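Enquirer: Knowing the structure of chain P, use the given hints to seat chain C on it.
Protein chains: 2
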Amino acid sequence: MKLQNDLFLRAARGEKTERPPVWLMRQAGRILPQYRALRGSLSGFKELVETPHLAAEVTIQPVDELGVDAAIIFSDILVIPEAMGLTYEMVEKKGPLFPQTIESQSDIEKLIVGAEAASELQYVYDALKITKQELNGRVPLIGFSGAPWTILAYMVEGSGSKTFSKAKKFLYTQPEAAHMLLQKITDTTIAYLQNKVKSGADLIQIFDSWAGILSPAQFSTFAAPYIAQIAAAITDVPVTVFAKNAWFAYAEIGKMDCNVIGVDWNTHPTFARELVGKDKVFQGNLDPCQLYAPAADVRNATLNMLKSFGGEKHIANLGHGVYPDTPLDNVKVFVDTVKGWEGV
Amino acid sequence: MKLQNDLFLRAARGEKTERPPVWLMRQAGRILPQYRALRGSLSGFKELVETPHLAAEVTIQPVDELGVDAAIIFSDILVIPEAMGLTYEMVEKKGPLFPQTIESQSDIEKLIVGAEAASELQYVYDALKITKQELNGRVPLIGFSGAPWTILAYMVEGSGSKTFSKAKKFLYTQPEAAHMLLQKITDTTIAYLQNKVKSGADLIQIFDSWAGILSPAQFSTFAAPYIAQIAAAITDVPVTVFAKNAWFAYAEIGKMDCNVIGVDWNTHPTFARELVGKDKVFQGNLDPCQLYAPAADVRNATLNMLKSFGGEKHIANLGHGVYPDTPLDNVKVFVDTVKGWEGV
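Note that the protein sequences, when read in sequence, are chains P and C.
Per the working numbering, the very first residue in the first sequence carries number 1; after that it's consecutive.
Per the working numbering, the very first residue in the second sequence carries number 1001; after that it's consecutive.
So here's chain P without its partners, still in its complex pose (with noise of 0.2 Å):
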């Protein structure tokens, strides 16, 4: 099916663009009525998740009631945990909880990997195929997974945390568990978006969320090599890297076989740039908070924000998620002033 707006994806592989593209990661969430009406319908955040038609329906409201550039598939990165058997609840008001962690090699050994284990995840399949069809080429369809260090700290974590310095702690003390453990985990996420992009994702963000935890040596020996991986085997759509808070490693990002480089609101692009060279695309990056100010102070923001990146190779976004509570008439506000950006 031929995409009536493919400016996301034109902007994506590097292309010159009219304007920059615009979304908003969580952008399927709670900042929309729709979603929390259908949301309070349901028993939890897992029936969503694990309900195709719901997700789907859950992806499209932003694309009806923001007019944004792309649709990114309701889900969740702790899906490929659960495929490869700890399964995990989502606590109200808490985040996710893990009733049995990896403490240990053995524990390691029973996961289940790869293609079997991304096999159990149907039901994502599913919601991307449905969103295909409804979006009807309306605009691209991002797929996403966390990446291997991120899962490797909720499963052995088995929540969130500040600090996730047992998680650390396990890189330090069980080096090589740990190498077994991601490896895993890369497998299986390879195998895992390889099938997305089979049932129609357009693009592949890789998310990691906990990479500015971890210090650089750590981040080179235990998070990277395993993104690399995942970057290099996803060969037939763009793919995105978004390691946050981690600004030390924008070079290494910069040397992977990915398009597109996520940037956070602490960073400048022209610091990433120098970084990273001319060629990769940045995606980025206003304060989350910003969106919280009055009306005006918001698109001046956007429009600094739009001339910090110099009108090329940048798809406007956040410098992380969207925050549920922000008002939605100023995160119109932002996708707005993008799409009537004339230009720097």
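For the record, the hints were derived by calculation from the structure and aren't laboratory data.
For clarity, every value in this text was computed on a predicted model and none was experimentally measured.
Footprint (simulated), chain P over chain C, 3 or more residues, beta carbon under 8 Å:
hint : stretch
1    : 1162 to 1170
2    : 1255 to 1267
3    : 1289 to 1296
Taking lysine-lysine pairs in the DSSO-like style, the calculated list, with each CA pair at most 30 Å apart, reads:
hint : chain 1 : residue 1 : chain 2 : residue 2
4    : C       : Lys1162   : P       : Lys94
5    : P       : Lys339    : C       : Lys1166
6    : C       : Lys1094   : P       : Lys94
7    : P       : Lys162    : C       : Lys1332
8    : P       : Lys94     : C       : Lys1166
9    : P       : Lys93     : C       : Lys1046
10   : P       : Lys162    : C       : Lys1094
11   : C       : Lys1016   : C       : Lys1255
12   : P       : Lys166    : C       : Lys1339
13   : P       : Lys166    : C       : Lys1307
14   : C       : Lys1332   : C       : Lys1046
15   : P       : Lys46     : C       : Lys1166
16   : C       : Lys1093   : P       : Lys162
17   : C       : Lys1162   : P       : Lys332
To list a few chain P residues with every Cβ distance to chain C over 10 Å, as calculated:
hint : residue
18   : Glu47
19   : Thr51
20   : Pro52
21   : Asp64
22   : Phe98
23   : Glu120
24   : His179
25   : Glu252
26   : Asp279
Where a beta carbon is used, it is the ideal one built from N, C-alpha and C, also for glycine.
Expert: Here is chain C on its own, set in the frame of chain P:
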């Protein structure tokens, strides 16, 4: 009273020293069995903070047990909001909680400010005096405060937070009120720290624990000018500024009237040195999680860290406070490795 070991102060003043001095952020705390025994006999954390002879006792414990080159007074950055009129509770396993928070300008107008607020904290000054007496010149004593932005963050947010989005929202939506509050915190902090110096503090460290969640523009507007005011107002002893995760701020901090700059474990000293110039002394920066590793790895990592700073203008420390469940023996390996180092 003449100091028997003034290595830390000589290094802080930028003098060439026979080896880098060493201490650990949060060294007075749960890593020590002596601390846990005393803490277990008390009603809570605040009893320890507010009872001068007990605060003095735990301040000195790491000097006895670890042989570090400096003591840091046992206290909490949140005594400042409390002295200004917002009491806090320390909830076991959850952290600080403020029953009342700052929401508007009228809340700010009600606060107690400056010398009047600082006079509420006699128990801190008494703790310093007792500590100085009991240390009897063995090592220098560090006094500290939070940086104004970090204190504002707690006063507005009311508790710890992953994103401090409520506090950041306050900066974006009520910038004038934010500046008014930051100035009041600054005035109070200056009076407080001057009292600490009069009570015997040999160096002052300012902790901007939440600097890293600000955008660079917000740091320049809402954080840096107030840290700079405090640093300039402390004239009798050296000053250390530690803005955690604010790698983008090194150049700005480098221009402040401070002697020492804290470096976190994400930041290579060479990167920081390029931005700061050659005059300031660095303090840091081993990853606190590194101390979970086997002793031989701790030793190697500590040696690598020492080399990375080049053997001068360096105070050895972690890149953040030591985690409470760190094996004491590994803390000793860290300290002893620094003390036995023969240089680059």
